[in-house]
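Keeping their order, the protein sequence lines are chains W and L.
Residue numbers 9 to 254, in this note's numbering, belong to the letters of the first sequence in order.
Residue numbers 511 to 831, in this note's numbering, belong to the letters of the second sequence in order.
Wrong hints could be hidden among the right ones.
[To be verified] Calculated lysine to any residue pairs in the SDA-like style (CA-CA distance at most 25 Å, straight line): (1) L:Lys692 with W:Leu140; (2) L:Lys822 with L:Asn766; (3) W:Lys221 with L:Met511; (4) W:Lys169 with L:Lys525; (5) W:Lys24 with L:Phe648; (6) L:Lys719 with L:Pro817; (7) L:Lys692 with W:Thr174; (8) W:Lys235 with L:Lys822; (9) L:Lys639 with W:Asp29; (10) W:Lys24 with L:Pro796; (11) L:Lys592 with L:Leu575; (12) W:Lys205 with W:Glu76; (13) W:Lys24 with L:Lys639; (14) L:Lys802 with W:Thr21; (15) W:Lys231 with L:Gly668; (16) L:Lys698 with L:Pro751; (17) L:Lys692 with L:Gln589; (18) W:Lys169 with L:Gly576; (19) L:Lys822 with L:Val703; (20) L:Lys787 with W:Thr21; (21) L:Lys525 with L:Asp577; (22) W:Lys221 with L:Ala647; (23) W:Lys109 with W:Glu76; (24) W:Lys109 with W:Asn157.
Simulated from the structure, these hints should not be mistaken for laboratory data.
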Amino acid sequence: MKILVCISHVPDTTSKINFTDGDTQFDTNGVQFVINPNDEFGLTRAMWFKEKQGASVDVVNVGGPETEPTLRKALAIGADSAIRVNTPATDGYQVAKELAKVVQDGGYDLVIAGRESIDYNGGMVPGMLAGLTGANFVNTCISLEVDGNTATTIREIDGGKEIATTSLPLVIGGQKGLVEESDLRIPNMRGIMMARKKPLNVVEPTGAAAETKAISFEKPAPKGAVKLVDNVDELIDLLHNEAKAI
Amino acid sequence: MSVLVYTESENGTYKKTALEVASYAKGIADMMGTTATAVAINGGDTISLGAHGIDKVLNITNDALGDFNASAFAKAIAQAAKAEGAKVIVLSQSANAKYIAPLLAIELEAGYASNVVGLPESTSPFVVKRTAFTNKAFSNTEITTDVKIVGLGKNAFGLNETSGAAATEDFAVDLGDTSGVKVQSIDKATDKVAIADAEIVVSAGRGLKGPENWEMIEEMADILGAATACSKPVSDLGWRPHGEHVGQTGKPVAANLYIAIGISGAIQHLAGINSSKTKVVINNDPEAPFFKAADYGIVGDAFEIVPKLNEKLKAFKAANS
Ligand SMILES: Cc1cc2nc3c(=O)[nH]c(=O)nc-3n(C[C@H](O)[C@H](O)[C@H](O)COP(=O)(O)OP(=O)(O)OC[C@H]3O[C@@H](n4cnc5c(N)ncnc54)[C@H](O)[C@@H]3O)c2cc1C
Ligand SMILES: Nc1ncnc2c1ncn2[C@@H]1O[C@H](COP(=O)(O)O)[C@@H](O)[C@H]1O
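Start from the sequences and build out the full structure, keeping to the hints where you can.
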């Protein structure tokens, strides 16, 4: 099985979010970038397939040279090779179009992407990629088993789970549950050394155009101070009469 | 040219989010000087849609759409959009709608903006405000394609009742092969409120010390008709199921009321629950960061306060229903 794991390069979850250039650009100053958490679960599941069932695992990112440390980290975790499509990511559609070319050229059977990236929270790349390549698609996937050409998936739905069967080629939008938190791997020294020798291929983009454009950013209005109360009657009264929440 | 909205139903009843997106579609239609058309798939009585601004309902009844099937649903909605000549298509951000939207975008060669928080700032150019960086910021986003898809965040617009009635037409679709992904079974707790559907969410963290102490949380949820949720470490420790984990890497919560008990208020937790309207914190540490993000707070021991609060809430509910 040939697996491709899509890796988006995102600010660490503790990052303070600021903007520059008249609130049109995300301020990357002092921000630490990491593998998108949803992709880390997917990558770890891919390692399981590689080790237990025999599979090759490539990782891919659409982005500039600054994303290479993130791809190297994925190699250190155990991916066989990495691909960087050399163009800034501008929107979900443009990224999906670039990825579709990589998927078609590489003949991948299984593409593991994340439910959403925690930066722009588009939640669009995996579905669009499936649509563009004609692959089957399972979103918010929390369990994935593959047997030959058949896959069994569990999807998180509002208030429960849905079990489905499908076939390869398949794209999933994955998240926690694909593997447990405790299964995530921190790259060790040997992994980091080996990653330096693994191929990181830079490919030129097809030049797909975006369909959406972030014009400007803003931060939520600052919150008023909390009202502290010291008894539950007062709380119920405020929730009922002031907030109209109960 | 009308604005098309996919109105999701369950067992023949439109969800509250369906009525919200219907109200919202009507809002956009008014801005554009056109009408709002709903597409319903094996839906029920359309009176409630008419009462939320919908002029016309395209009713799709099809056995192949009996189980949820994202790609078949996307095809059906795309055909309705084409038949109507719709330039703007509105969906909610339920799990199923989020699953359909990117597939629909490819079907229609339409640009898609998700997590939108209100009416467009302008319709030409078409600019919407959406959340980004998991609620830490907003992005004003222009959709540049001819056909546009908007995913409206829950509770971002609210309901607008009108006195209208919707004309209902049957709409036939041609789905082709729908065998791609086959649902085998659904595992859903029917006696519990889902976090995504809940108006009130009662959430607890590591301050509760152990899974055996969740009875009082379940009780509060029961009294309030609320969903239960938890912080990430609580689900990682196996005290609560993964489906209850909320926050940046868990489920998003956009409830009317979010009650956080024994949760410190880490940035990753707050990011996921920030778009809830009213936030209440119960924590014994006055320095807990959650107090800075909350509307109301009680500093004190959850094991003392929650049982008292439950008693009073019960009495309040009895007196007010
Ligand atoms: C990549 C990444 C992603 C993450 N994503 C998420 C996420 O999506 N969601 C999430 O929740 N977290 C997430 N976290 C974890 C987050 O950083 C915090 O560790 C977590 O939210 C803390 O959970 P907690 O508040 O339950 O526990 P603690 O931080 O241990 O806080 C417990 C609180 O309970 C209070 N308390 C103790 N005893 C009592 C008592 N008797 N009565 C009342 N209060 C009491 C304490 O004062 C304290 O404030 C993430 C972390 C990382 C690194
Ligand atoms: N620039 C990118 N390069 C590679 N994969 C990406 C990129 N952006 C998004 N993805 C993948 O698509 C998923 C969903 O991202 P999004 O649609 O942006 O929320 C991510 O978890 C990644 O797996």
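Is the straight-line distance between the alpha-carbon of W:Lys169 and that of L:Gly576 25 Å or less?
-> Holds: W:Lys169 and L:Gly576 sit about 17 Å apart, inside 25 Å.
Does the structure keep L:Lys692 and L:Gln589 at a Cα separation of 25 Å or less?
-> Given that 25 Å is the threshold and the Cα spacing comes to 22 Å, the pair holds.
Do the alpha carbons of L:Lys692 and W:Thr174 lie within 25 Å of each other, as the hint requires?
-> holds (6 Å)
Take a quick look at whether W:Lys221 and L:Ala647 sit within 25 Å of each other, Cα to Cα.
-> holds (16 Å)
Would you mind confirming whether the straight-line C-alpha gap from W:Lys109 to W:Asn157 stays at or under 25 Å?
-> holds (22 Å)
Does the alpha-carbon distance linking W:Lys24 and L:Pro796 stay inside the 25 Å limit?
-> The given pair, whose Cα atoms are some 23 Å apart, holds under the 25 Å limit.
Holds or violated: L:Lys639 to W:Asp29, with C-alpha atoms at most 25 Å apart = holds (19 Å)
Hey, W:Lys24 versus L:Lys639, does the alpha-carbon distance stay inside 25 Å?
-> The hint holds at about 20 Å.
Hint consistency between W:Lys235 and L:Lys822 [alpha-carbon to alpha-carbon, up to 25 Å] | holds (20 Å)
Taken at face value, is the distance from the CA of L:Phe648 to the CA of W:Lys24 at most 25 Å?
-> holds (14 Å)
For the pair we were handed, L:Lys525 and L:Asp577, check the Cα-Cα distance against 25 Å.
-> Holds. L:Lys525 to L:Asp577 sits at ~17 Å (cutoff 25 Å).
CA of L:Lys719 to CA of L:Pro817, is that 25 Å or under?
-> holds (16 Å)
Violated hints: none; the structure is consistent with every hint.
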